[in-house]
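Build the full structure now, drawing on both the sequences and the hints.
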Amino acid sequence: MSHYENKESIKTMDDLKSIFPDGEADEMNWCVFSNGGIHGGYEKLDDLAGDLDEDYEYPPRINVLVIRPRLVSMLYGYIEVNKEDIPFLRKLVNSTLQAIAKSQSGNL
Numbered sequence: 001m002s003h004y005e006n007k008e009s010i011k012t013m014d015d016l017k018s019i020f021p022d023g024e025a026d027e028m029n030w031c032v033f034s035n036g037g038i039h040g041g042y043e044k045l046d047d048l049a050g051d052l053d054e055d056y057e058y059p060p061r062i063n064v065l066v067i068r069p070r071l072v073s074m075l076y077g078y079i080e081v082n083k084e085d086i087p088f089l090r091k092l093v094n095s096t097l098q099a100i101a102k103s104q105s106g107n108l
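Residue numbering for the sequence shown follows the UniProt record's numbering, starting at 1 and increasing by one per position.
One should not assume that every hint holds.
[Claimed, not checked] Derived BS3-like pairs: lysine-lysine, alpha-carbon spacing no greater than 25 Å straight-line: (1) 11 x 44; (2) 91 x 44; (3) 102 x 17.
Please keep in mind that the hints were generated in silico from the structure rather than gathered at the bench.
This is the structure in structure tokens:
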């Protein structure tokens, strides 16, 4: 992977799980959701959890942004999720916040 790039490469939950196989962020890869922009929407996990109990024409999706601070690159996508994905995604965002805090501990 080239340095200093933004790339729409996350198409599915499997793509996201290939980066975070155990659902944990670290100093190399962080993940945030619901950042919208031109590549997705603003849906939050709390919104999707309720939607997953309903019968919709289109499956629920969430905007994913993977930040790679050491490579100065980002990956993104707008992926379908199901009810079983929600705990994995919550674990991922929680560990991301912890990894960011740890990386910035001497800067606060």
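Status of the hints after comparison with the structure:
no.	hint	in the structure
1	11 x 44	holds (18 Å)
2	91 x 44	holds (14 Å)
3	102 x 17	holds (23 Å)
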